[in-house]
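Asks: Protein chains in written order, with our numbering: chain F, 1 to 407; chain X, 1001 to 1306; chain E, 2001 to 2171; chain G, 3001 to 3350.
There may be inaccurate statements among the hints.
[Stated by the list, open to error] If you anchor each label on the Cβ, the simulated ranges turn out as follows:
#1 F:V233 <-> X:V1080: 49 to 55 Å
#2 F:D199 <-> X:K1213: 40 to 46 Å
#3 X:R1209 <-> E:S2072: 56 to 62 Å
#4 F:D199 <-> E:R2073: 45 to 51 Å
#5 X:P1194 <-> F:T357: 33 to 39 Å
#6 G:F3303 <-> X:S1069: 56 to 62 Å
#7 F:D276 <-> E:T2048: 29 to 35 Å
#8 E:A2007 <-> F:V64: 22 to 28 Å
#9 E:T2093 <-> F:D276: 51 to 57 Å
#10 X:R1209 <-> G:M3042: 40 to 46 Å
#11 F:P201 <-> E:A2007: 53 to 59 Å
#12 F:V64 <-> X:P1194: 29 to 35 Å
[Stated by the list, open to error] Just a few of them, taken from the derived set where beta-carbon distance is under 7 Å, the chain F residues facing chain X:
#13 G226
#14 T227
#15 P230
#16 R333
#17 G403
[Claimed, not checked] Straight-line distance between alpha carbons at most 27 Å, and here's what the computed DSS-like set of lysine-lysine pairs gives:
#18 F:K116 <-> F:K335
#19 F:K57 <-> E:K2159
#20 F:K85 <-> E:K2051
#21 E:K2144 <-> F:K359
#22 E:K2074 <-> F:K335
#23 F:K324 <-> F:K116
#24 E:K2159 <-> F:K85
#25 E:K2159 <-> E:K2070
#26 F:K324 <-> F:K57
#27 F:K359 <-> E:K2159
#28 F:K324 <-> F:K335
#29 F:K359 <-> E:K2074
#30 F:K359 <-> F:K85
#31 F:K85 <-> F:K57
#32 E:K2070 <-> F:K335
#33 E:K2070 <-> F:K359
#34 E:K2074 <-> E:K2144
#35 F:K335 <-> F:K359
#36 F:K116 <-> F:K359
#37 F:K85 <-> F:K335
#38 E:K2144 <-> F:K335
#39 E:K2070 <-> E:K2051
#40 X:K1066 <-> X:K1213
Please keep in mind that the hints were generated in silico from the structure rather than gathered at the bench. Cβ coordinates follow ideal geometry from the N, Cα and C atoms, glycine included.
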Amino acid sequence: MSTDHASTHVVTPWTALTPPPRVDPYVDLSEFEADGDLMVLNLGPQHPSTHGVFRIKLVLDGEVIVKAVGYPGYLHRGVEKLCEKLTFANITPILDKNDYLAPMTSEQCFNMALEKIAGVEVPRRGRWIRTLLAELQRIASHLIAIGTFAMDIGGAIGGGTNLFMWTFRERELILNAFEELTGSRFHYNTSCFGGQRHDLPAGWDLGVIKALDQIERRMVEYADFGTANPIFVNRCRGIGVLGRDLALELGLSGPLGRASGIDHDLRRDAPYHCYDELQINVPVLTAGDCEARYDIRVQEVRESIRLSRQLLAGVPEGPICSEKPNIGPTSVRVKGAPAYVAIEGPRGELGTFLIPTDKGTQPYRMKIRPPSLHAVAVVEHLLPGNNLSDAVAILGSLDPIMGEVDR
Amino acid sequence: MAVTQDDPQTDAVTPDAAPTDAAPTDAEAASFAEAQALASAVLGGVAAPTALDRDSRSYSNPLLDKVISVPGLDVAVATVERLLDWASSNSFFIFPMATSCCGIEFMAAAASRVDLDRMGAIIRPTPRQCDVMVVAGTITVKMAPRVRKLWDQMPEPKWCVAMGSCAISGDFYRDIYSVVPGVDTFIPVDVYVPGCPPNPEELMKGLKRLQVKIGMQRDGTWQRSGMPAEARPETKSLKLGGLLRIGDPDRAAGLSDAQRDASRSLGFDGAEHRGADEDHGNLFDPPESPPASQAAAAELEATHES
Amino acid sequence: MSPELEAEIAALLADPPADPPADPPADPLQVIAEGMIVPAAHHHALATLLKAHGYGLYVTVAASHWPQEKASRKEPNPPPERFEVATVLRNPTAPGAPAFWWSVHLAPAEAIDSIVDLFAGADWQEREQWDLVGVVFANHPNLKRLMLPEDWQGHPLRKDYAIDTPHAPWR
Amino acid sequence: MTVASNASNSFIMSLPSPVPEILTHPVGHGLVMGTIILTFFMLISAWSIWFERRFAGRMQSRVGPNVVGPAGLLQPIADAIKLLRKENLVPSGADKVLFWLSPPMTLFFTLATLAVIPLSEDLLVAELDIGLLWVLAFSGLLLFPTWIAGWASNNKYTLFASMRAVAQGISYEIPLLFSAIVPVVVVGSLSISDIVRYQGEHGWLLFWPLGPGALGFLIFFVASLAEANRIPFDVPEAESELVAGVTVEYSGMMYGLFPMTEYVHTLITSALASALFLGGWYGPFGWAPGVHWMVGKTLFLFFVIFWARWSLVRFRSDQLMRLCWVWLVPLSLLCVCGAALWVVYVGGVA
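Based on the provided sequences and hints, a complete structural model is requested.
Replies: Structure, rendered in structure tokens:
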């Protein structure tokens, strides 16, 4: 296990960490005059900027939020219960639908849990392909995060939409590559017990490199949008500051944690796949505000592009899967002690806590650790004291995926 | 002032916006009629609000009726109707009922590669101004009353597109305790776009099919091309716990009483339902400790004492 | 995990709990390792200790339901119905960023101490587990349903809850 | 700055002689001119929606509406007919009279301003001595239907939107008025035609030395953007927060009147800005009839507004207020002082 913490951090100098005072999410409202001072506004569950079906009940004093209560669960599909009824071979396509902006990482995490319990080693080429796909998926996912955040700031009829459309355009390039590899646009079912299901087609890497070049060229514009547009900077800088301690307590990892100064990245700190063979630069910002959360995603996309190029250049030869292909639903048999496995998804630590049954064909209990649920739980701590317009900006910068929150 | 009934965000209105909660008086009814008269005078006969049973899909078109009531113009009914259909089918204002994965493909359809805007379809966030509700994604039991409410808030004529297998039948979530097995159990669906999720191009194709359908129907029923009413495309009748789909021959059009009550229980359909939303009541009270933990704590104490 | 921390955890677990549960787990693991079984009375103290030693990143909590199985020849005296609550914490700053998880076994009517006062993120996670599995977290400030509607009956992730339970009138 | 000859600025003189008799009658003149101006503004506004969607599509690497009719040109017609066909819903909790009154009020106040907007020397409905006051008064009145719509809808989002609109409108009225006073001070007349004629003799106000004209134009343009609720000042109808602003509860043509009048209002503002600061129907060269210059300048400003809309993100409401009270109001006062000093020391109305 690599313990190398020496990789470089990109810390922008313009802000220092000033932890804001902690907000009590259960604030007592009785000091306000009933029906006089406060007003309840329900944001959602169907609202243009709640990123799916999430509902926040805001108690407003004028336009200033006094209390925010989040209500997830409008997309609770009982995935964990469903998985208990399915066999291991059947579960991967279900998990694709959880984080529908990064299905690759969802299915990889589950299969890694199986492999850990069963003690199966994935061949190096299989791991390498998983690493590559995870990085490409991170690019695609962050692009949407950037675009939707800009749309939340700029409005559906306005300048923010430009960025939204452009990032979707760039994402299509990645999706085309995935479609060529797996035959599906974004529910891939390509990761399986013991490795990968689909091998890289010949000449696939050339197309991906071309797409990466294009994305990198255009990332300049998105970075500029975050720094050179004064209105955008005014809307983001110093808004929704999340201190490091609170971020740790809330379990925020990934871009949100790193924007708040937590120097932690599972790819570097606890390497899985082939990450121990790569030098990963982990950007860390200390400001913890919306702008930092935007910047960190832009920087991570650039880093992922660099890693993807490196990975594409050196794909090793060999088998992609150490197990026989899945033939029947009960072909995967995994017995052993329960395990918790986590990988670094685009939104943070994505984990699977898995207890297999005695027979070893089904999970007895499977708990998915969704980074987005931790992210949306932040609203109760971040929104009070902010303006109504800031609520939208903060929620956009958290980039939650409701399929993953509610499962 | 009467109680707030319709609100685009299903949970949005509480009595704060309205001065009082009271039943409408005669004076108000009179003022309403007056306002209608005034508005129709000012606006030159634009459709006045009518009390509709929204469950029935028969919608008389006031504008068309007005036009054909002019002597001599009644011969032009077909032309006028075709014109209206042309306008409706080329100017879709879409309400995005986007809940999950299909919502992303819906956004991709609105983005640059497919671009729904080229056929005149734009996305409006409020149901009041929308013609087409695209249900993209799984609808859960918790969400279903809201979806129904938003559908009710859309003005006629309106259409519904079920995008993706979750919205069509619930897909592999259909047996889950919290998932509604298909949106057509409580909303009449006009076009089904299959796929998990369907590609953006498929959605556009579905909207094209909706355009064809609009051209062939009037007042919610098939009129033109000699197509019989029973030819309306429906999914195979799927039975789950006696839940019939709208359009199944055994089921009357519209909601069951229980579904209607459930969708009204959100508190937007009359004074008696006002306070029924989950916790507007204790807004100004300090948070209570929940009954479950209280009971459990009491139970614990009891066991320890014994 | 450093040897000092392991020693401290061992010392903590050696203390007899203040009020021993009626039915203590049969054979608690004596090794300080991932997945060790901790008495419910030590749950909160262990979390405090780990947080003080750098395990400050709250990862997750997973409760599971284990109904009493029928007696068989293999196991003539099956264990009674119980709940298991696994709590995962991570030390993001230590080399290797190790995660540590332990398990608490509960009798059906037993409650486990909430750790919301230590980790604000435990708020929603524990609410979710209460909602879906029905494990009561004592001293939780707001133990309400999170995922399901407020008026829902039952806890779906229990083994005795049928997956296709109808919920009139919507399904 | 060359000044175009007066002959080419006359619309009536450019008509084939003899001049139609109806144009010599005051009522007939008003009717004809009103029809011309109304048609011009309505048509431009309708198709500017099509143009804007195409333009935005280009900016976003899309195509925009191109199916309905040739190049999508029939799109506004389809939209209008569709909106006419839609049912008009009134929320049961709404104040029905006010709810129905607001859209026609918006339309009326917007169209009333058209009475004094000149497209050329004599292509205007009426040349009022207080033309500028008339325009600004009716623009200010536009706040009322907005506020009424928000209040009468009985919805919290519309209430927010209307309160924001009122706060923003009242605030930005001040720099708008002060910057519009600059040409008034210099010319000594409230008549828009007088102001344009003065610029025909002395050059466009925009290009004055020492810059009160340029600064005034900038403030006027920014403030009128805010008055018309265009991005980056469209806080009252911020879709990402307030769903659709005051129009949340409006459906059918009741809703359709709002965006339509918004476009007409924006077009009027562009026309006013080009008349007050850009020399109106006088061009830098004398070779084209004046109406072409006026229309060209108006459309250019209109295009700039679109451009800004699809490039910028929006302010937060308090930032919007800060921009107004901290920057625009003092600067506009400075502008008025500068214009006054210019009149005293450099020369103005004799």
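Asks: Below or equal to 27 Å on CA atoms is what counts here, so check K116 of chain F against K335 of chain F.
Replies: 10 Å, holds
Asks: A range of 45 to 51 Å was offered for this pair. Does it hold for the Cβ distance of D199 of chain F and R2073 of chain E?
Replies: 48 Å, holds
Asks: Going straight from one Cα to the other, do K2074 of chain E and K2144 of chain E come out at no more than 27 Å?
Replies: Given pair K2074 of chain E, K2144 of chain E is violated - Cα atoms ~41 Å apart, limit 27 Å.
Asks: Hey, K57 of chain F versus K2159 of chain E, does the alpha-carbon distance stay inside 27 Å?
Replies: Answer violated: K57 of chain F to K2159 of chain E is near 33 Å, above 27 Å.
Asks: Is the straight-line distance between the alpha-carbon of K1066 of chain X and that of K1213 of chain X 27 Å or less?
Replies: Status holds; Cα separation ~24 Å.
Asks: Tell me if the straight-line CA distance from K2070 of chain E to K359 of chain F falls inside 27 Å.
Replies: 16 Å, holds
Asks: Is it true that T2093 of chain E and D276 of chain F lie within 51 to 57 Å of each other by Cβ?
Replies: Since the Cβ atoms of T2093 of chain E and D276 of chain F sit about 19 Å apart, the hinted range of 51 to 57 Å is violated.
Asks: Indicate whether the distance between the beta carbons of D276 of chain F and T2048 of chain E respects the range 29 to 35 Å.
Replies: Holds: the Cβ-Cβ distance is about 34 Å, inside 29 to 35 Å.
Asks: With chain X as the partner, please determine if G226 of chain F meets the hint condition of a C-beta pair closer than 7 Å.
Replies: 20 Å, violated
Asks: Decide if the proposed pair is consistent with the structure: K2070 of chain E and K335 of chain F, CA atoms, cutoff 27 Å inclusive.
Replies: 22 Å, holds
Asks: Is the gap between the beta carbons of R1209 of chain X and M3042 of chain G within 40 to 46 Å?
Replies: 35 Å, violated
Asks: Please verify whether K359 of chain F and K2159 of chain E have alpha carbons no more than 27 Å apart.
Replies: Answer holds: K359 of chain F to K2159 of chain E is near 17 Å, not above 27 Å.
In terms of the numbered hints stated before, the structure departs from hints 6, 8, 9, 10, 12, 13, 14, 15, 16, 19, 20, 21, 26, 31, 34, 38 and 39, listed from lowest to highest.
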